Structures are given as C-alpha cells and as structure tokens.
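Listed here are the chains, written in short residue letters.
Protein chains: 2
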Amino acid sequence: MRASQFFISTLKEAPADAEIVSQKLMLRAGFIRKVAAGVYTWMPMGLRTLRKVETIVREEMDRAGAIELTMPVVQPAGLWQETGRWDKMGEELLRFQDRHERDFVIQPTSEEVITDIARNELKSYRALPKNFYQIQTKFRDERRPRFGVMRGREFVMKDAYSFDRDMEAAGKSYDNMYRAYCRIFDRLGLTYRAVAADTGAIGGDRSHEFQVIADTGEDAIVYCPQSDYAANIELAEALAPEGERPAPGATMQKVHTPRVKTIADLVGFLKMDIRQTVKAVVVEGDEAPVLMLVRGDHELNEVKAEKIAGIKKPLTFASPAAILAAFGANPGSLGPVGFKGRIIADRTVAKMADMVVGANEDDHHYTGVNFGRDCAEPEVADLRNVVEGDPSPCGKGALAIQRGIEVGHVFYLGTKYSVAMNATFLDEDGKPKPLEMGCYGIGVTRIVGAAIEQNHDTRGIIWPDAIAPFGVVICPVGYDRSEAVRATADTLYQGLAERGIDVILDDRGERPGAMFADWELIGVPHRVTIGERGLKEGKVEYQYRRDAEATDLPAEGVLAAVLERLGR
Amino acid sequence: MRASQFFISTLKEAPADAEIVSQKLMLRAGFIRKVAAGVYTWMPMGLRTLRKVETIVREEMDRAGAIELTMPVVQPAGLWQETGRWDKMGEELLRFQDRHERDFVIQPTSEEVITDIARNELKSYRALPKNFYQIQTKFRDERRPRFGVMRGREFVMKDAYSFDRDMEAAGKSYDNMYRAYCRIFDRLGLTYRAVAADTGAIGGDRSHEFQVIADTGEDAIVYCPQSDYAANIELAEALAPEGERPAPGATMQKVHTPRVKTIADLVGFLKMDIRQTVKAVVVEGDEAPVLMLVRGDHELNEVKAEKIAGIKKPLTFASPAAILAAFGANPGSLGPVGFKGRIIADRTVAKMADMVVGANEDDHHYTGVNFGRDCAEPEVADLRNVVEGDPSPCGKGALAIQRGIEVGHVFYLGTKYSVAMNATFLDEDGKPKPLEMGCYGIGVTRIVGAAIEQNHDTRGIIWPDAIAPFGVVICPVGYDRSEAVRATADTLYQGLAERGIDVILDDRGERPGAMFADWELIGVPHRVTIGERGLKEGKVEYQYRRDAEATDLPAEGVLAAVLERLGR
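In the order they appear, the protein sequences are chains A and B.
Per the numbering used here, the first sequence starts with residue 1, numbered consecutively.
Per the numbering used here, the second sequence starts with residue 1, numbered consecutively.
Bound conformation, chain A alone (with noise of 0.2 Å):
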C-alpha cells in the first residue's frame, strides 16, 4: 500500500473527553473516530487491525473444528422470553419495537438464537459433538460506556456454542476451545494468562477467562509464580491460616470509641495492628440477617459469601433499619457478642483471638473478644478476597497478583438453556436428553484495546508484528526529489509486497520528523528510513519500534536484511 492510496489521520491531541492510554492513542493515531457515546467509525488504519485479529480468531476456531454461521444482530424477544433473559437482563439489552409493534432486541450474545438452532437441527446423537461459532456485531447498552472500544456499546465479539451428548463429552469441547484460546492469544502476540473464573448458578470448575496483563485492567488476576495457578480474584481460593486459634491472652473489655466509624477510624483511635481487627458485614439471609466477619485488613469477596447456602441471592447487604432492629446499633459498632443471629466467619478470624470487634451499641467496641468465650462459636467459610503473599491453593508458594483485561471467557453452560427451550436430541438407546453447551466468548475490538494498554510508550502504540495495521513502513526522505531514493524505496517495497509483507510506503511528502512521529504513533513496528546521504554511504536505516536507536542497514541487499528481520 502507497500512503498516498490509504487513509492517514493522526491528531497532535486526543479529543478532551478520552480517559485511558488506548482510547487516546486509537483516536490520536486515528484507528477510531467517535460517533456516539460508546459508538465507533471502525476508521482505515483501525479496520486493517480489527480484521487481523478477527482472522487470526477465525482461523484457529475453524482449526479446532468449531463451523462459522452467522446469527441476525437484530433477534425477536420471543426467544429471550423462553429463557427468562427478556425479564432478567437489566437495562444493558437493547429493546425496540420494530413498525407493528413486536418486541425486539439487539444481540449482546445469542445463547437464544442458536440453541432454536440446535433443538431444530441437532436432534440426533449423531449429529454431535457441533461447535458453531459467529464474529459478529454485538450491542450492549452500557449506563456509562468510556474507554474507547474497551467498554463500547457497539462492538464486534466472537462467540462460540458447543453442543454435547453429556458432561464428559462437553468437557472435551471445552478443553478443546481452552486449547484453540491458547493458541489464538499466542498468535497474537499478547502477554495474557488464562485464569480459573467462578461459574455462578451453574457450578463446576469449568470457567476460565483469558486475561491481558496490563497495568491499567480492571481486574485483579491471582497467581501463583512457581506454579501454572491462576484465578481471578473473585474464585481464588484463602486458605485457612495454618496452625490452631491461639488460647485467648486478654479479657474482653468495652472500650468507648466516638466517631469511629471504619476500621480505619478505630486503628488509629486504639494505636493497635490492623490484623486485630474485625470487620463486620451484614447480609440477608434467606430468613434473617447474617452477620459476616473478615480481618479488618481484608476484604469480604461477594462471589464466595453469596454462594453459602441460606444466603440471599443476588447478595444483598441488610438495610440500616434492618442491622439496628437485630444489632441495636448502626454500622460502624458491630459485632459478634451478643448477636443471636448466625455468624460466618472468615477462615482467617476463625483462627484469632483477642480480636477488636464492635460492641453493638453505637461508639463502642469490645477488645480482646475470644470466640467460644464471649461469644458463640462461627461458621467457617472462604469469605474474603485473596491478597498478595498468600499461599497459593497449589500449595507451591505464595500467590502475586497482577492486573489484567479480560479479553475472552470460555464457559461450561451445561443445560441452562437447553432445558429452558427443550432443546433436547435422541441418544443412542433411544431417549430425549438435553444437549449439553459451553459458550465462548471473545471481545474481538477490546482486544484492539487490550494490546495497546499492554504495548505503548510515550510515542504511541506498538503493535505485536501479527496485528500491526502494517509490518513495515517505508520512508523514503525526498521521494520526490532524489531519484536514488526513489529507486531504493520502490524496489524495496516491491519485494516485500511481492512476499505478502503488509508494507506501507511513506509517498506523502511530510518532513522526517512528522513522518517518524506518525508511524511511531501509529506503531508500526519496523521502520526503513531511506535518504539521499545515507545512500551515498551505502546505508539506509532500520528501527525495530521498540529500540531506542536506529541501526544501519547496507543498502545493497536491504530487502534480504530487512526479511530477516521479520524472522521470514
């Protein structure tokens, strides 16, 4: 491609309202223009990315054997009412009505559209194990999109749905995408780990998101570095502190503690460590409030309390009016002594003593609590969010954590939706059963997102050679003026173009330094820099993106330097 053919369009300034490094540089080296909150022009550059990562996606689901349809982006609420998503999807599902008033939606995923599929044409054991899958337009109405593609409204994603004779099959067809995940991010050229996930109202162990490391990602991801561990925060497991509860040391005393209202308030208030602490968190229980403890440093994991039985589900915290009339007093002092209700604590409170708890009444706490002593015995459970130094539940060392971007999510349905449609095939000894599903999900604009928050610097983007919108550009200084310049550009962009390299060549006329500051922050990640000076020494320049310096290059044989190079 000649520049002066393609579409360039690169901004000094990201536009006021940009928050993150990869909105900004998208916008500033013009891959997306905005059309509306959290809607995009997919622009030239951008496309030419978005279509390398959509390809590499397809080409390893056609490898593992997954078959590409594609399902309608506008879907009838019909079919979202059999599965109860029309009422239980919040606001995020896009409703209409199209001119004869019939209910509609706009795909967020279609779970829906291909299990109608399924129980039509999947009615066999025969024709089992299937595994469609569709890149496709995809629109959830977020409240409040930002961050360019990576919490977009319209955006593309690849989704895939497995369909099995049984557990053990669906299993394989889950490992199965797990493997082509791995294979797809390699290629890629992204730094990522799979990391186990909760499955929620399904159960089993078989969720896993692919997460890029980045800094900047909105999830914590959980590992362990002498082991192939991982989890997001909200699964990974705390293990219990190892050794017995210490014997109680202290006699519990009431202490008065005005305007404490965090643990925060109360560690400064008492001068004392954190780790004596006890923080409490009410929920409703299926019947009455339930009281929570975790240490006062730590934090209480939603997904684990909710998933306890005789807790409410969605975990609901109790109202203000509903902790006084079972405490007696207001957030901020309580405690276990005293509380008839049930008590869960965390596997690490239940291994303290002498701990620091709110009194039940307003302003006060008690120190130097002892369960079993001062109050009743606790339930034990996994309650709080791992932190950093940990043990890992591999048991080979102490957990770290990183941030990542969740980019795809392989999932094991089971027969949620099957059973909710009656999709249901004839197996072998003759008998309806429900097909068994996964689902697999990947944000094929966010990974757009997600490789820029993992590879950019001061000047711009840098792309992993597989997705760069271009391997190489050329550019040539005085391509209008010097003929031995042109010669030399032309015949290198010739060869490498003959090679199925993604070549750009630099034909605009701008001065070096805008030229270089464009391709820096469009990220090219190989530049050849051709001028008339250095053609006299019989050099041109080579800058690999992320070197600091560029490196000369004979100018004879060039095309065979710069291959190699690129490893071709």
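Because the hints were derived from the structure by calculation, they are not lab data.
These numbers were taken from a predicted model, which means no experiment stands behind them.
Mixed in with the good hints, there may be bad ones.
Any copy will do: because identical chains look the same in the list, a pair fits if it lies in one copy or spans two.
Lysine-lysine pairs mimicking DSBU-like chemistry, simulated, CA-CA at most 30 Å apart [claimed, not checked]:
1) K130 <-> K416
2) K433 <-> K340
3) K254 <-> K416
4) K340 <-> K351
Here the structure of chain A is known, so what remains is to put chain B in place on it, guided by the hints.
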C-alpha cells in the same frame, strides 16, 4: 473440508411460507434459517457463498482504490436530523431510544455518518478524491418482508461513498465505480445489465442500476439488442411516433356506454382497436387538477409524470371528490373535451386522430375526437412506459424488455448531503466548497438470492463456480466399506485441497441417491463419484451440475482430469 466435520442440513420440503424459488432453495439446501420475518441466520453452507461474494466485492473495491472502514450499525439521530432523513424517511427507518432516552437508528445506509467523517477529515482539496466503503449489516424495517434474502429486513450491503472537488472529478469517480461494478458482476459469473436509472431530485444523468437478469425479477429492464442502450422502465424514453398527426377523419359523437369503467370495458363494448382509445388520469397540479392522457394500451409512467413542472411532488392522484368537481363526472368517463384545466398528452396521444375519450359525463364517451377541433391542443410530454418493439432512443433498433433483480446501484449525489451537513473543503483557491459526492451500493445478501433466481433447475441450485459454497464435491460410494474407494477419494481430495480448490468429501455414509440429491440441491458445480464397480474398470464418474448425465474419467490421473474441468 470433510462433510462429517461440516454442517449439512437439507430439507425435503421448503417451509410453507416460502414464496419464491431462491427462498425455497436456500431453505431446503440449508443456506439460511428464518429467525423472524425478514431476519435470517446464515447457516454454515450459506455463509460460505456469502463470504465469497463479499470477497469478490472487497477485492474489486480495493482494486478500484476505495478504502474500507466500518461505520456503526447503531447511529445517533442527530446526524439524521441534520440531513432531514430523520423526518423524511418512513417507518422503514428503524428508530429506537437507548436507556437514556436518546434517539438512535439502525443504519439502512450511512450517508450521514460518512459525511460527518468527511467534514472532519477531508478539509483540503489535497485530501481528494477519496472513496470510502464498508461491507456491513443493514436494517430496513420493510412493511412486508418476503422472498427470503431478496427483501429481508436485516441484510448485508456494501456501501461506498466518493468525495471529489468538482463535478468533473465526481464523474471520474462515478465511472471508476461503474467499471468496478462490471468487474464484480463479471467475476461473480452472473448475467447482468447496467441500466440507466432515474436520478430523482438530484438531476443529471449519472445513475445506473446493476440488474441480474432473471424471469422472476421485479424490475422491467428496457434495452436495445442492436446497441448498448439499457435503462430501467422508469427512465426509458418513449419517442414520439414518426410523421405528422393524421387529419381528422370522423366527426365527434357522444356514445352511451353504460357500466363501462375501464379501457378493456370500452374496447369490448365498442368493438374497436384499443389503439384508438385514450386513458385519462387526473393528478394534482400545484394549483388545480391536471389531466394526463396516454393511449389505451399504454401505462402512465409516474416517474416521468412527476418530473413535469407544475405537477405536485410526490405525484398525487386527484381524489374522487376533486375529480367530480373539476370534470362533472367520475373516473371511467373522463376526457379532454370541455375540460378547461391543464391537459398534458403523451407523445403518442399527441399524434392521434379520431380518438375515443370519456365524455366527462358518467356512462358516456365521445368517438371521433380530434385535438384543436373538439378540444384544446394539449401540452405534449413523454408520459408513458415504453413497450416491447418501441423504437430505441439510441436510433438503432426496436426496444426489448426483460426482467431483472436490482443488486447494485451507482448514484451521483452531488452536494445534497454535503450542503445539508456543511461538509466543505478548502479548494486550491483558498475558498470553502461543498464536497461533490457519489454513493454506490451492492446488496451482498441479495446477490445470493438473485444468483439462484437466475441459476437453478428442478433439482436445485446451480452455482457459478466463483460463488459456490464448494467448487467440487467428491461422492465416494462405500467409503467405509471399500479400501479402493477410500484411497481414491482421499487422494483426490488431498490433491485438490493442496491446490487451493474448495473441495468437500462426502464421508457421511449416505446412500448414493440421497447423497446426489443433497449436492444437486446445494448446487455444487463439479461432482466426482467414486465407486468400487467403476474403479474395477479403471473409471470414476464426473458430472457438471448443468449436465444431464455423468461422464467417465480415468481413475488413474483423475486429479489432472478434474483440474482440467475446473479450468486449472
């Protein structure tokens, strides 16, 4: 591809609501499945053909220098209000509100968004010319979606938009697209015509429809077999008959014509040549009703009628009450005699003598009516549709008419959108000027249906090679039983696949009859059947989809023989 790893789902009967042959065959062959009225899933088999069409369109758009981008499916109302289309477009424009009650549309085309991009990005004459295109999901909320993908609501369209400095440059962009379209339809392997079409309010002569020729087409295409003249029926000019108007030969007489309401009634009642009769149509003028006259056997051309100065736009037929007030009679008995208002006669009527016309008195007609003698001389205009045998406007022969399906449209837009949206560029003289635009559409999904309407027989679809889901099918008889059959089939399959031929090996184990019926329905152009009996005689069978019978190929060297059939 092996059939066992693909998804093949053929039906014996099309669903009862399928109306036309392409719709029936696409459903039966498993190309599409209906999700809602006018909304389909493209199943794996259909998607293969759709993607091949897309690829050809994309390659030729790229070759023509157009630059691909992707505008959003969901577009904010604001842009549509700027051009007035928010108000002007009817219910086929799907409007909805997001969760914040902001108005949006689902794009039927993207003139507004691309013009918004142009006014921000194409600010100098140095940025011109530019042509941007996308291949994208569109939605048009048809009142009565029908005919499968031929008139669906959700569809895939390639839409391109050119931006130029002036009309001359815009003309070059138009011609460039016209040529690209010819290459596209040539490569698709379809019989088509580019026909001149009406430009409506834009004016000028730059509008062509690309019509796939099919007896079942909705559009009438007028062409001259002796030249390259072709136009759609709305635009095709009806020349005036040669020679002078004959002198009056009869005297005017009033005839009682009870219950005669139509021209057919009149001809039957008076037992006369229909070519002596004149049909009266009353339309609203800017001030008063206008009488339009066409010969009894001709049809008023509403597009031509609407273009006449002083005629209300859009063309509006006068109400029965207005007609009664102006003529003193009801439709069925109207004519020029005694009418004091504006009279416009078609060119053919203007050359008639001794006409039979309504008498402006219910149940009465006049015979022997002559202009100038019995009523005023009318204005003369081209008011009618041409008919087969009319002299061609090119002067080289008589017109013929055939049916077509519109699959593409190139259209000079002028400054309609750029003026409405203030999309100007700074010209070389330093002055801002509105961008000259053209728009260029191809109905990608519609092409698939049109190709079938043109190419099918009683057994199924007959794909042109370029867009067949598979180019070659290998049908082994006894693949599981016979070593020789399996080896020959596998070797041929690998040989073709290695050469990049889109081949499918039917390893499903179906009986030969069912297997052949499937592939004839699906329409794969080249079939190779391999059976044990044939192999013993050193033969395999080859059949081209259009052939009535199979022919033998030598089993030795079958790969070379098949490649020759494929023109490789």
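Going down the list of hints, with the structure as the test:
no. : hint          : result
1   : K130 <-> K416 : within (17 Å within a copy, 51 Å between copies)
2   : K433 <-> K340 : neither (47 Å within a copy, 81 Å between copies)
3   : K254 <-> K416 : neither (52 Å within a copy, 81 Å between copies)
4   : K340 <-> K351 : within (21 Å within a copy, 107 Å between copies)
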